[in-house]
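Asks: Once you have looked at the hints, place chains B and C on chain A.
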Amino acid sequence: MAPKRLRLVTIVAETILEERITRELVELGATGFTVTESHGRGSRGMRTGDIPGDSVRIEVVVATSVADAIVERLRDAYFPHYAVIAWLTDVDVVRGEKYVR
Amino acid sequence: MAPKRLRLVTIVAETILEERITRELVELGATGFTVTESHGRGSRGMRTGDIPGDSVRIEVVVATSVADAIVERLRDAYFPHYAVIAWLTDVDVVRGEKYVR
Amino acid sequence: MAPKRLRLVTIVAETILEERITRELVELGATGFTVTESHGRGSRGMRTGDIPGDSVRIEVVVATSVADAIVERLRDAYFPHYAVIAWLTDVDVVRGEKYVR
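Protein chains in written order, with this note's numbering: chain A, 1 to 101; chain B, 1 to 101; chain C, 1 to 101.
Hint data in this document are derived by calculation from the structure and do not stem from the laboratory. Among the clues, some could well be false.
Chain copies aren't distinguished; within one or between two, either way the pair holds.
[Unchecked claim] In the SDA-like style, the derived pairs of lysine to any residue whose C-alpha atoms are separated by at most 25 Å in a straight line are:
#, residue 1, residue 2
1, Lys4, Arg101
2, Lys4, Asp68
3, Lys98, Arg20
4, Lys4, Asp76
The structure displayed is predicted, hence computed values, not measured ones.
The following block holds chain A by itself, in its conformation from the complex (with noise of 0.2 Å):
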């Protein structure tokens, strides 16, 4: 069982957003997702650390045509509106089949 190469891409969003991104993280054809609550502060200059949880911040491994998807839709979508970021690393899975739909 080889390790298979994929994308996990880390989304940092306000909370509010959680249900709308993880609902089209699945339709984009992700199949699952992590979410840990943060705080922090973005480069608007947006101070959000005061209260803890008040950022989510979603993780999902997806083949890289997906991870291409998300990103388009979070550049179309979110980008232009939200204090939403998002970067892609090169993880190794085992089960890589559970991931692809």
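Replies: Chains B and C alone, transformed into the frame defined by chain A:
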């Protein structure tokens, strides 16, 4: 002090497995671990998103050989029975000797 | 809008260091940061796992030169005195200009 290339293993599992998995990580050679509470949805369609903290995200930075042993253990003892996922990432660390026993 | 290759720096430290470290990250060039509460066990055998939220996991996405400056600061001002660990990962971001001042 040149950076050292190691492997970050990220494991997402039911909270009830935290103690057992972290004990095994140390037995297999990890010198430390980081746990964050999370929630999410897995590839089995299991919905765990209603209660924050109902899963854990465990991170360990280890040598490649230890990462391979961890993957083998997950594959043999966890993947067939539990909704556990894991991914591996290349990372650079300073003070690499802290991560090797 | 091509993705830009940057560095993700992940720092795990005692909660009491959060404010000082994040202030220094911004001074060194970070445009934002994400903090999640965590617990765990470090390489000094220190057990911190009994109280959730007793450590913090700080993430910043920055240019390589800023990542290098952060590592140097950690090495000089934190590693000798505190149970701080850090690792660096290559990441691709969209809207890379958000991460560079």
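Asks: Taking the earlier hints as the rules, which of them does this structure contradict?
Replies: Of the numbered hints given earlier, the structure breaks none, since each of them holds.
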